[in-house]
Amino acid sequence: MISEQKIKDIEGKALGIRKTIVEMLTAAGSGHTAGPLGMADIFAALYFHILNHDPHNSEWAERDRLMLSNGHIVPVRYAAMAHAGYFPLEECLTLRKFGSRLQGHPERLRLPGLETTSGPLGSGLSQAVGYALGARMDERTFRVYCIMSDGEQDAGNVWEGAMFAGTYKLNNLTAIMDRNNIQIDGHTEDVMPLEDLRRKYEAFNWHVLEVDGHNIAAVISAVEQAKAIYEKPTLIIAHTIPGKGIKEIEFDYRWHGKPPTKEEGKKFLNELRTMSGTIESEHQ
Amino acid sequence: MIYHNAKLREDLFEKPELKPTRDGFGQGLLELGDSNPRVVALCADLTESTRMEAFAKKYPARFVEVGVAEQNLATVGSGLANYGKIPFIASYATFSPGRNNEQIRTTISLNNVPVKIVGSHAGLSVGPDGATHQALEDMALMRVQPNMTVISPCDAEEARKATVACAGINGPVYLRLARAATPTITTHESSFTVGRAELMWESEHQAQVAIFATGPLVYEALRAARDIGHEVPAVVYNVHTIKPLDRALADVARAAGAVVVVEEHQRAGGLGGAVAELLAELSPVPVEFVGVDDRFGQSGEPAELLEYYGLTAPHIANKVRAALARKIT
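Here the protein sequences line up with chains H and Z, keeping their order. Per the working numbering, the first sequence starts with residue 115, numbered consecutively. Per the working numbering, the second sequence starts with residue 122, numbered consecutively.
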């Protein structure tokens, strides 16, 4: 069992990641806000507990591989990597700027540790599937994780990958779906209804778990459970609140694809610093 | 006359051995199975017709059936290459790189991983299957992607060599293959170097026209050069690598003063486009194009389709005359 103190530490990291996300998006002046904020807890859990990795040796051969399929939420990954020590925190402010290693959508060849290049939706799961298949051919023991969005489940390529992974019983693969119910044009169940996601994946021979994506202990427990499933790949449907941590953004699909203005950025940072007004900020 | 150092088959015109380029690929892949443990093969439900079958039988643990899912073919291939394998992914060219173009762009070319995209059944010579299955734009699609190498072998023996060479390229490659049995032109001794066009036909006197051909139509180009030799001295180059294109072709063009490009592809965007770009920059001379003129194919026997669309030796000879007539002297 993971200690309460450890959970608190990871929650602290998630808060730090959220602040960095707001800072970097405000500085960038473009980008996606709701998704990265909603996934801050899961990325904190990944980089500060789940992943077997070395921030100072991003090519370490035995590391777990984390593939991000919905590349547009990459600010949360950049922020988590910076907090974990992959690169200096200040570099986050170069997001989306000319010459930056922090491209608007992740590019493997520009920043060590990204594992792959992604952004066009629907193609990340299959890449993770191919990677996991190669690793299994060579009897490697690291695990492959794939983060994907719910909106990208609209794409046929996702289901091609899901069918393949179920058929080939890729038990070294764990996918985590950010089930935040929003996509650019509105709510997922209005744009192109996805449910019943659990039964769909189960029919494709996946083991499916559902968790509260903001409950770090639950996320970690689900990932541990996935390791014990020998006959199937596992999908963890993580129910999240888009924009989590900033009241004005939470649940609002209009924040899917826009950044905070300078004024909003200041306000949101203050909200995060004071934990929604429950504590006094030293910056006030 | 046939260029001696090209070491072509001696019975080339009299009694040509007919073999599809896809057969050469199958053989090359089998050789790679023995020599390179990183090589794996993926297929989208066309294992026999893309000639992956022998590899699949001999190395079942290194063969992956993907099903009729070309987007998955490309992306699973990308993942395998990212891990450290050298995947050959095979389907028909209309589907791969046709259907899965964006997946190839993002996850293979931009990602710069060594996936070898094998597009079989390219060109009109697919025959009876008709326009839906006759890829005439695949070289154009692949040629414009950074990091991509594009190879279009002229016969089965060259396809074998190209397949083996593909595995040694540390990046993405598109290998274009055809269905129909076509004359074997080259021998085991013929040289093959990625990126270098091969002189196959030389003229006794200074060539007045240079013919640049790719794929199995190289044979038609050789026939055309032979048949028209008494009238127009010409050279024929086998341009098996479309990208990177051999820049020395600009010197050949300058010396001859006119060029005819021959390919089983749309005139736009393939070898013709690549040659025109090169010559516009380095040695602008008149260029005539033998290719499909902004049309789709249709059902028919390969020979009648090549004839109907103007891709056989007599048509090439006419283009040689046309190029000659346009020469600025």
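FYI, nobody ran anything at the bench for these hints, they're computed from the structure. Quantities reported herein were computed from a predicted structural model and do not represent experimental measurements. Note that CB positions come from ideal geometry on N, CA and C, so glycine has one too. Keep in mind that the hints are not guaranteed to be accurate.
Here are the in silico distance ranges between beta carbons for each label pair [to be verified]:
no., chain 1, residue 1, chain 2, residue 2, range
1, Z, Glu186, H, Glu253, 15 to 23 Å
2, Z, Ala376, H, Leu207, 27 to 35 Å
3, Z, Ala443, H, Met306, 19 to 27 Å
4, Z, Glu223, H, Glu338, 32 to 40 Å
5, H, Thr281, Z, Pro249, 17 to 25 Å
6, Z, Asn268, H, Asn166, 41 to 49 Å
7, H, His301, Z, Glu186, 31 to 39 Å
8, H, Gly270, Z, Glu186, 57 to 65 Å
9, Z, Lys448, H, Arg215, 25 to 33 Å
10, Z, Pro365, H, His170, 54 to 62 Å
Do the hints match the structure? See the list:
| no. | hint | verdict |
| --- | --- | --- |
| 1 | Z:Glu186 x H:Glu253: 15 to 23 Å | holds (21 Å) |
| 2 | Z:Ala376 x H:Leu207: 27 to 35 Å | violated (57 Å) |
| 3 | Z:Ala443 x H:Met306: 19 to 27 Å | violated (54 Å) |
| 4 | Z:Glu223 x H:Glu338: 32 to 40 Å | holds (36 Å) |
| 5 | H:Thr281 x Z:Pro249: 17 to 25 Å | violated (33 Å) |
| 6 | Z:Asn268 x H:Asn166: 41 to 49 Å | violated (31 Å) |
| 7 | H:His301 x Z:Glu186: 31 to 39 Å | holds (38 Å) |
| 8 | H:Gly270 x Z:Glu186: 57 to 65 Å | violated (18 Å) |
| 9 | Z:Lys448 x H:Arg215: 25 to 33 Å | violated (53 Å) |
| 10 | Z:Pro365 x H:His170: 54 to 62 Å | violated (38 Å) |
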